[in-house]
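**Q** Listed here are the chains, written in short residue letters.
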Amino acid sequence: MSALLSLEGASVSLGERRVLAGADLTVSAGELVGVLGPNGAGKTTLLRAALGLAKLASGRARLSGRDVAGLGPEERARLVAYLPQERRLAWSLAAWRVASLGAVDRPPALARAAALEALARVEMSRLADRGVLEMSGGERARVLLARLLATRAPLLVADEPVAGLDAEAQFHTLDLLREETRAGRAVIVTLHDLTLAARACDRIVVVDKGRIVADGGVPETLTPDCLAEVFGLAGALVETRAGAVLAARRADRPSTEL
Amino acid sequence: MNPAVSSIRLIGGLALLLALLLALGVAFGETQLSLSQYQQAFADPASPPGEVLWGLRAPRVVAAAVVGAALGLAGAVMQGLLRNPLAEPGVLGVSGAAGLGAAVSISAGLAVIPGAVEVAALAGALVAGGLVVIAAARFREPETLILFGVALSAFAGALTALVFNLSPSPITTSEVLTWLMGSVANRDWPDIGWALVPMAAGAGLCAYASRALVMLTLGEETAALSGLPMARMRAAAVAGAALLTGAAVALAGVIGFVGLAAPHTVRWGVGGDPGRVLLPSALAGAGLVVAADLIGRIVPSEVELKLGVLTALFGAPLFALIAWRAARSWRA
Numbered sequence: 001m002s003a004l005l006s007l008e009g010a011s012v013s014l015g016e017r018r019v020l021a022g023a024d025l026t027v028s029a030g031e032l033v034g035v036l037g038p039n040g041a042g043k044t045t046l047l048r049a050a051l052g053l054a055k056l057a058s059g060r061a062r063l064s065g066r067d068v069a070g071l072g073p074e075e076r077a078r079l080v081a082y083l084p085q086e087r088r089l090a091w092s093l094a095a096w097r098v099a100s101l102g103a104v105d106r107p108p109a110l111a112r113a114a115a116l117e118a119l120a121r122v123e124m125s126r127l128a129d130r131g132v133l134e135m136s137g138g139e140r141a142r143v144l145l146a147r148l149l150a151t152r153a154p155l156l157v158a159d160e161p162v163a164g165l166d167a168e169a170q171f172h173t174l175d176l177l178r179e180e181t182r183a184g185r186a187v188i189v190t191l192h193d194l195t196l197a198a199r200a201c202d203r204i205v206v207v208d209k210g211r212i213v214a215d216g217g218v219p220e221t222l223t224p225d226c227l228a229e230v231f232g233l234a235g236a237l238v239e240t241r242a243g244a245v246l247a248a249r250r251a252d253r254p255s256t257e258l
Numbered sequence: 001m002n003p004a005v006s007s008i009r010l011i012g013g014l015a016l017l018l019a020l021l022l023a024l025g026v027a028f029g030e031t032q033l034s035l036s037q038y039q040q041a042f043a044d045p046a047s048p049p050g051e052v053l054w055g056l057r058a059p060r061v062v063a064a065a066v067v068g069a070a071l072g073l074a075g076a077v078m079q080g081l082l083r084n085p086l087a088e089p090g091v092l093g094v095s096g097a098a099g100l101g102a103a104v105s106i107s108a109g110l111a112v113i114p115g116a117v118e119v120a121a122l123a124g125a126l127v128a129g130g131l132v133v134i135a136a137a138r139f140r141e142p143e144t145l146i147l148f149g150v151a152l153s154a155f156a157g158a159l160t161a162l163v164f165n166l167s168p169s170p171i172t173t174s175e176v177l178t179w180l181m182g183s184v185a186n187r188d189w190p191d192i193g194w195a196l197v198p199m200a201a202g203a204g205l206c207a208y209a210s211r212a213l214v215m216l217t218l219g220e221e222t223a224a225l226s227g228l229p230m231a232r233m234r235a236a237a238v239a240g241a242a243l244l245t246g247a248a249v250a251l252a253g254v255i256g257f258v259g260l261a262a263p264h265t266v267r268w269g270v271g272g273d274p275g276r277v278l279l280p281s282a283l284a285g286a287g288l289v290v291a292a293d294l295i296g297r298i299v300p301s302e303v304e305l306k307l308g309v310l311t312a313l314f315g316a317p318l319f320a321l322i323a324w325r326a327a328r329s330w331r332a
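Chains as they are written, first to last, in our numbering: chain H, 1 to 258; chain A, 1 to 332.
Quick caveat, the hints were computed from the structure, so don't treat them as lab data.
The beta-carbon is built from N, C-alpha and C at its ideal position, and this holds for glycine as well.
Heads up, some of the hints might be wrong.
Unchecked claim - Not the full set, but computed from the structure, chain A residues with beta-carbon under 8 Å of chain H: (1) 127; (2) 131; (3) 216; (4) 219; (5) 221; (6) 222; (7) 227; (8) 230; (9) 274.
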């Protein structure tokens, strides 16, 4: 099966500083890939490089085998859809209108139908006509997720889709994204909650100081060594009946502190 | 209610209101006519009352409507593009540059050549518009574009002040000042016809860019990956707004506030949609300027009140009222 996304030695510089160095990554249909790493590690830069939003200093980024730099806007939107971390909206569009912006490739009636369907999936049908600026942050996040779900791209990229959501909404969001992978799409998400990542993702990519330092299944990547070196945590993922749970505290700290 | 239906209702209502204002603008003015004179004007357009209605007032009222529509549309486009409720046609420095073009041509004594001042104003707007289009292609962040526009505006303002400074006579200074205050007095049909050419081109570009404005609501990166040709649409929006503003300034001088206020008077009716707000903003802008011009003509005063003065005088309190009521949604 051909990769929906591939990075080969991708590097990105911000002025003199190299914020992504020699990243290799391949993502195929049906995968839910979690990109993890501390703040400022380069997770968003990795995504932006793959999407063609960040200029590569070296290396290549391909979507469905095609160089992302050579894709026209319409072709690129056919291959990938993006949910950025930024949730600020300029105007108070109705929720259904925001969701319908994921379906601009379809006639208005079909776009509206796709939007309403996506809003139902994120459990926001009752607020379909409400302006997004009159909603709570969590409700707005769901509406923006609905826009992502309303697209038809084979690859979905979501930057911190669960940030600021309550626990139930976090699970719900990742469940919805998992459903998408079962339907044959590939999904890449950046996450900060390691427990959530361990339970939801098929594969974990750990980024640290602009480099991919681990890539594989949960047990191979989120090892006690990785937790210590990358995240500064002493501990491990512990299997429970509900799934894996992170049991850790800050490394090099007395056990009385968190 | 279906959003398309409410949008059509809003447009219909605004069109009716504008038609009423146009009719009032033709019917009333400084010269009061008797009923029989109105009858004469309708029966014989070449008669003296007919000349007042159709030769003087009608082109003036239409010029006011055209200028208002152009400014309202340009304002709505700028607010959508810059994602800022405070944006207006002047924010990119285009109207300042158009004013500068006119000021330079008047003080150079070119006002005696028919159309020279208008062409100079439009040329000023196009130069500034070109610079802003280049800046918009280079900087995607609205803040950068706003700062660039502020710099351009300040520079055009300084050069206009320099024109005053170096002005050969107080008469020229007064001419420039009068022009800058804005007026649609003594505009005739050919003037309007000429202005309509760049305005139609500008409106076409804005209509093309309207989908990009909606997408920009979600931010630059989402828009960039939406599948729309954002670079082209952004350039179209800036060029369209520059053409509209330049042509409006060329036809009537600098008329402030309409571009800022018109979109806010109708935004509630389109659910905040920056694409759907374009046409209603044009209609509202037209109505505002026609009404302001009518007030300027019927308020008894020694000197005729300038249109640019009136739009700001009545527009500012109206705008404050709208801003007050809308503050809740902006704060979110």
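**Q** Hints first: check each against the structure and report whether it holds.
**A** Hints, one by one, checked against the model:
Taking 8 Å as the C-beta contact cut-off toward chain H, the hint placing residue 127 of chain A at the interface is violated, the least distance being around 29 Å. The beta carbon of residue 131 of chain A is not positioned within 8 Å of any beta carbon in chain H (closest approach about 25 Å), and the interface hint is therefore violated. Hint status for residue 216 of chain A relative to chain H: holds, with the closest Cβ pair at about 7 Å, below 8 Å. Interface restraint check: residue 219 of chain A against chain H, minimum CB-CB distance 5 Å, threshold 8 Å, status holds.
For residue 221 of chain A, the suggested interface contact is upheld, since its CB lies about 5 Å from the closest CB of chain H, less than 8 Å. Of the supplied interface hints, the one on residue 222 of chain A holds, with its beta-carbon coming within about 6 Å of a beta-carbon of chain H, less than 8 Å. Restraint check, residue 227 of chain A versus chain H: the minimum CB separation of about 3 Å is within 8 Å; hint holds. Given hint, residue 230 of chain A at the interface with chain H, holds; its Cβ is 7 Å from that chain's nearest Cβ, closer than 8 Å.
Hint status for residue 274 of chain A: holds, given a least beta-carbon distance of 6 Å to chain H, under 8 Å.
Consistency with the previously given hints fails for numbers 1, 2, ordered from lowest to highest.
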